[in-house]
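Participant: Sequence:
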Amino acid sequence: MFFLMTFDSFSGPQFLARLKNRHDDTLTELTTEYLPQIYRAARGAGLNVQNAEDVAQNTFVTFIEKLDDFEGRSHVRTWLFGILYRKISEMRRGASREEAAEDIDDVMEHRFKTNGFWASPPRATDSTTFDEEIRQHLDDCLDGVTTDQRVAFVLREVEEMNSDEICESMGVSRSNLGVLLYRSRNKLRECLEHRNVKG
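Numbered per my numbering, the sequence shown finishes at 193, counting up by one with no gaps.
Bear in mind the hints are in silico, worked out from the structure with no lab data behind them. Cβ coordinates follow ideal geometry from the N, Cα and C atoms, glycine included. Among the hints, erroneous ones may be present.
Here are the in silico distance ranges between beta carbons for each label pair [said to hold, decoys possible]:
{"no.": "1", "residue 1": "Asp133", "residue 2": "His17", "range": "36 to 42 angstroms"}
{"no.": "2", "residue 1": "Ser157", "residue 2": "Leu29", "range": "23 to 29 angstroms"}
{"no.": "3", "residue 1": "Arg168", "residue 2": "Asn15", "range": "17 to 23 angstroms"}
Okay, derived cross-link-like pairs now, DMTMM-like style, lysine to aspartate or glutamate, Cα gap no bigger than 25 angstroms in a straight line [claimed, not checked]:
{"no.": "4", "residue 1": "Lys14", "residue 2": "Glu162"}
{"no.": "5", "residue 1": "Lys14", "residue 2": "Glu27"}
{"no.": "6", "residue 1": "Lys60", "residue 2": "Asp48"}
{"no.": "7", "residue 1": "Lys60", "residue 2": "Asp134"}
{"no.": "8", "residue 1": "Lys60", "residue 2": "Glu84"}
{"no.": "9", "residue 1": "Lys60", "residue 2": "Glu47"}
{"no.": "10", "residue 1": "Lys14", "residue 2": "Glu59"}
{"no.": "11", "residue 1": "Lys60", "residue 2": "Glu27"}
{"no.": "12", "residue 1": "Lys60", "residue 2": "Glu127"}
{"no.": "13", "residue 1": "Lys60", "residue 2": "Glu23"}
{"no.": "14", "residue 1": "Lys14", "residue 2": "Glu159"}
{"no.": "15", "residue 1": "Lys60", "residue 2": "Glu162"}
Starting from the given sequences, assemble the full structure and let the hints guide the process.
Facilitator: Written out as C-alpha cells, the structure is:
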C-alpha cells in the first residue's frame, strides 16, 4: 500500500514503526519529500552540482544506516538536516578557510542604532532574489562567509526552517545561531553593496 504523506505524516508512532521496519513506500515518500530540499540546501551551502549530489545521497545512506538510532524525539526533517550539516562540514573541513571574525561590538556600533534598528538598512532583494544575475551575486558573496554561517543562512532563508530546527540540526545554541545569522547577513549585505547590487 502506498502512503500519501504530509509534513505531519512524517512523525508519530506509526510512521516511526514503518521507518524502523524500512517500509519501502515510507522510505520512497520520505525521499521524494526531502531529497530536493537536501540537495537544494547542499547547493546553497556552496557545493558544486556533483558534490551536492554526493552529499545528498550520502545523507540518505547514512540516514538509513542509522535508522535504529532515530527515536522520533525530533522531526525526521531535523534529523536529516543534522546529517546533511555534518556531511557538508566533513566535505569542506579541509578546504574551508575561516576568515578573521569581526569584533561583534564594533560591528554592532557601526551597523545598528542604540534601539537595535539598522543605522543604514540593507537594500531589499526579495523581489529579485531569484533572478539569475542576483542569484550569482548571492552565491559569490556567500563564498565569503564560513561554512557554518552559510548553512545557517540557507536553512533559515531558503529552507525556511525555524530556529529550533536549525539549532538542533547544527548542534548550536540560539545565541550562537543568532551570531551566525547576523554575521552571514552582514557580510552578504556588505558584499552586495560593494558590488552595487540593487534589490
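Participant: Check whether the Cα positions of lysine 60 and glutamate 27 lie no farther apart than 25 angstroms.
Facilitator: holds (19 angstroms)
Participant: Verify the proposed pairing of lysine 14 with glutamate 159, using a straight-line Cα cut of 25 angstroms.
Facilitator: holds (22 angstroms)
Participant: For a C-alpha distance cap of 25 angstroms, please report whether lysine 60 and glutamate 162 respect it.
Facilitator: Given pair lysine 60, glutamate 162 holds - Cα atoms ~17 angstroms apart, limit 25 angstroms.
Participant: Hint check: lysine 60 vs glutamate 23, CA-CA at most 25 angstroms. Holds or violated?
Facilitator: holds (18 angstroms)
Participant: Decide if the proposed pair is consistent with the structure: lysine 60 and aspartate 134, CA atoms, cutoff 25 angstroms inclusive.
Facilitator: At roughly 35 angstroms apart (the allowed maximum being 25 angstroms), aspartate 134 and lysine 60 break the hint.
Participant: Would you say the C-beta atoms of serine 157 and leucine 29 sit inside 23 to 29 angstroms of each other?
Facilitator: holds (24 angstroms)
Participant: Hint check: lysine 14 vs glutamate 162, CA-CA at most 25 angstroms. Holds or violated?
Facilitator: holds (21 angstroms)
Participant: For the pair we were handed, lysine 14 and glutamate 59, check the Cα-Cα distance against 25 angstroms.
Facilitator: With a Cα-Cα distance of about 11 angstroms, the restraint between lysine 14 and glutamate 59 holds, given a limit of 25 angstroms.
Participant: Is the hinted pair lysine 60 and glutamate 47 satisfied, with a Cα-Cα distance of at most 25 angstroms?
Facilitator: holds (20 angstroms)
Participant: For the pair supplied as a hint, lysine 60 and aspartate 48, confirm whether the alpha-carbon distance does not exceed 25 angstroms.
Facilitator: holds (18 angstroms)
Participant: Holds or violated: lysine 60 and glutamate 84, Cα atoms, limit 25 angstroms.
Facilitator: Holds, at about 17 angstroms.
Participant: Take the C-beta atom of arginine 168 and the C-beta atom of asparagine 15, compute their distance, and say whether it sits inside 17 to 23 angstroms.
Facilitator: The hint (17 to 23 angstroms, Cβ to Cβ) is violated, given that arginine 168 and asparagine 15 are roughly 35 angstroms apart.
Violated hints for the displayed structure, listed by number in ascending order: 3, 7 and 12.
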